[in-house]
Structure formats: structure tokens, C-alpha cells
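A.B. asks: Sequence:
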Amino acid sequence: MADGDHTLKINAALAERMKAVSDDLGKSLDEYATQLLDAFTGLDPRKHDEAYWEEVQRICDETERDGGIPWEQAQARLRNFGQKR
Numbered sequence: 267m268a269d270g271d272h273t274l275k276i277n278a279a280l281a282e283r284m285k286a287v288s289d290d291l292g293k294s295l296d297e298y299a300t301q302l303l304d305a306f307t308g309l310d311p312r313k314h315d316e317a318y319w320e321e322v323q324r325i326c327d328e329t330e331r332d333g334g335i336p337w338e339q340a341q342a343r344l345r346n347f348g349q350k351r
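Just remember that the numbering used here sits 266 ahead of the position in the sequence shown, which is counted from 1.
Hints are computed from structural coordinates only; laboratory data are not their basis.
This structure is a prediction, so every number in the text was calculated from the model and none was measured.
We put the beta carbon where it would ideally sit given N, CA and C, even for glycine.
Don't take every hint at face value.
Claimed, not checked - Label pairs and their calculated CB-CB ranges: (1) Gly334 to Glu282: 27 to 37 Å; (2) Ser294 to Ile325: 24 to 34 Å; (3) Gly348 to Ala278: 27 to 37 Å; (4) Asp332 to Ser294: 35 to 45 Å.
Make the full structure from the sequences, and use the hints.
C.D. replies: Here's what the structure looks like:
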């Protein structure tokens, strides 16, 4: 395990995109970057919480029961994924 703080250097364009997303989410850039790294490395603490998996199961059960959303609607959402609303 590393001791102390580390500084990651990223290009300006990526930094601007990350800052915009973190602002939209109401998070600090450090908090957002940490969450991204945790998710990417598999260290996301939420995924070690039983309540997280119970919620995932609840969503899956609800989707199976209700039939989810039409594929066309899912495609439209994916086309716009990551764009500002």
C-alpha cells in the first residue's frame, strides 16, 4: 500500500472534461477521480457492501418483472450517453 499523496498528470482536455462531470455530479474533482480509479481497479468500496448487491438484485428483479425498456429507447439513450442534457 502506498504512503502519502500522489499526483497524477493528465492532459488539459481530459482535466476539463473530468472537472465538468465532477461539477455536474456535485463532487470535487479529487472525489470524482478517486471514484473513477476505485471503479476501474475493482476497489470500489460500494461493491463490497451487501446493500449494494441487494439493490442490484432488486433492479434486476424489477426489470424481469416489468420487461425493462424497449431496445429503441435504450439505443437512443446510449447514443446520447455522456452528452450534456
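A.B. asks: Which of the listed hints are broken here?
C.D. replies: Hint 3 is the one this structure does not satisfy, whereas the remaining hints hold.
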